[in-house]
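Colleague: Letter by letter, the chains look like this.
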Amino acid sequence: MPVLAKPRSEAGSKGMSGCFETIQAYALRAIGIGERLLPKTDITLCEQMVLIGSGLIWNVYFGILATGFGFWFAVCLSLGRASPLAILRMAAASFVFLFRGSPLFIQFFFAYEAFVLLPKIGVTLDLGVFVIDASTGWLTKAWAGALFVLFCNTAAYSSEIFSGALQAVPNGQIEAARASGMTKFQIFRRIMFPNMLRLAWPAYMNEAIFLFHSTTLVFFSGFPAWRQEGDALYYASYFAEKTFNPFVPYPIVAGYFILITLVIIGFFSVTSTYLNRSVPQQRRVKPRFRLLRSR
Amino acid sequence: MFTVCTDPSLLSGFDWFACYLTTPKHLTFFGSFFLVLLLIVVVAPLALGLGFAAAVASRSGSPFLSLPGRGYVALARGVPDIVFFLFVPIALDQAFEYLRYLMICPDQLGGVWQGNDFIVCSAAKLPLSTAAPIWHSVYGFGLAVISFGIVFGAFAGNVLVGSFKAVPIAQIQTGASFGMTESQIFHRILVPQMWIFALPGLSNLWQILIKATPLLFLLGLQDIVYWARELGSSKTGIYAYPHPDWRLYYFGFLLVFYLALTAVSEAAYKRLMVRLSRGQGTIASVGKATLRSGF
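So the sequence lines, in the order shown, correspond to chains P and G.
Number 124 in my numbering belongs to position 70 of the first sequence; there are no gaps in the numbering.
Number 729 in my numbering belongs to position 13 of the second sequence; there are no gaps in the numbering.
Excised from the complex, chain P in its bound form:
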């Protein structure tokens, strides 16, 4: 009998110090640092929290880089859509339609196949900025390929928001700027761009939140997790599979994402105060929550 009881008491004695060891072993597991083997048996709550949190590194990585770069591309796209050149308008509008009109899930699959297959059959694809051929194998890795898809996706959605905001810039301000002799670039830089940001900010916050949520799709669609280095949901589904108990790992992911959402809301409220600094108080654009974004 005492022999039987032993493993139980050992598991019980893990406690706080055991959790500290788990953090040392697995906190950076998602980027390949620390213990190689994932826990297989006697999975503790601490292990689930730490590993899923470690996977969150990828979600934050995709989220920040895709919104960071996507923002500027989105500004270019919305300028393209307002351009007097028909060909620019067409190009920008079709890019937006392509990425807003199809599921992100399918985009991931399609992009992965394209990045894998095209170099293999000797097709080189000239994207203007760079060329996809045999030397671009790194695009089949999630860190680059999935980031590229997320970047295009968020740029398309954001440009829709920015286009709307550009049209809502008060005309009087532009007339005043023209009257005071500003060049076209100066008008854009000093009048249109700040106004556009201010008007688009609440909607753009929603876009940022949903982009972070979309990052959970990366390791479920096409791009394989290399050496079991995946994102939060990747580890959560691993635990759900190993423990046959979805009631612990998925709520942990949900909890982490609620935290991320709160951080994003905090960031956007602070920046919104800055963007609206020259606007009379009562007309300030309040950040509002809307649930309007598709993948």
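Since the hints were made in silico from the structure, they are not lab data.
Everything hinted at is true.
Simulated pairs of lysine to aspartate or glutamate, EDC-like, Cα-Cα distance not exceeding 20 Å:
(1) P:Lys94 - P:Glu295
(2) G:Lys741 - G:Asp961
(3) P:Lys195 - G:Asp961
(4) G:Lys951 - G:Asp961
(5) G:Lys841 - G:Asp809
(6) G:Lys951 - G:Asp731
(7) G:Lys841 - P:Glu295
(8) P:Lys296 - P:Glu89
(9) P:Lys296 - G:Asp809
Anything over 12 Å on all C-beta distances counts as not near chain P; from chain G, calculated:
(10) Thr744
(11) His852
(12) Ile885
This structure is a prediction, so every number in the text was calculated from the model and none was measured.
By construction, the Cβ of each residue, glycine as well, lies at the ideal position given by its N, Cα and C atoms.
With chain P fixed as given, assemble chain G onto it according to the hints.
Modeller: Coordinates of chain G only, in the frame set by chain P:
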């Protein structure tokens, strides 16, 4: 399918493709597009009903109704929907099996949770292991429909809460001054007028729903993504129709399918909006201003 197809190795060119695209597996692939459409058509009214119930509950004066209503609607915002899609079907499945366990074999040896495993007696399994394969698919599809309904019900609830608030207060006051009861105001004024405000949000939700349908694949259903991967992967000479890795083209086809679905939905939405705006006293019906969906 056709008589010429009896020996595929003799075929070439157009005949080969005609035969290749009409193999039984391809017919199943084409059939699975109807599965996607079926899912959308079944989920939309379910989600609308749930969302309406949640919106009405969250407006209730009693905290026992308003708190669950608000909580349900708010939950959809902070948590990525894909987490729900991975979590809810397993949870539902276990809940159903647990209920059946209570009814059929409550005195099962060792209970349902044995260590980390969830085990019910074979008579309580859903669907029964003796059931025809079709029932396994139907059950899986049913779980998917309920999960989609729950998630999109929360989204729809969010939209409807906003549109209830958008009904001009003067309308409600007029109703009250005519001596209408609360329920009369609700039925005769609030609900009929709210839909026009809800329509942009609901149309957006429809687009989100369309783009969420590839997630069926994650639930283990044999949907279009499953078949695109299956049929597109390279086939060696032992198959009747050998071909290299064609997944890129299959996913390209899915991409076109979704783009077409989006375009058709947008056109239908514009027509519907024009119809419903008649006599509403909004800019759309009174002025000639172009419709901007606002999102």
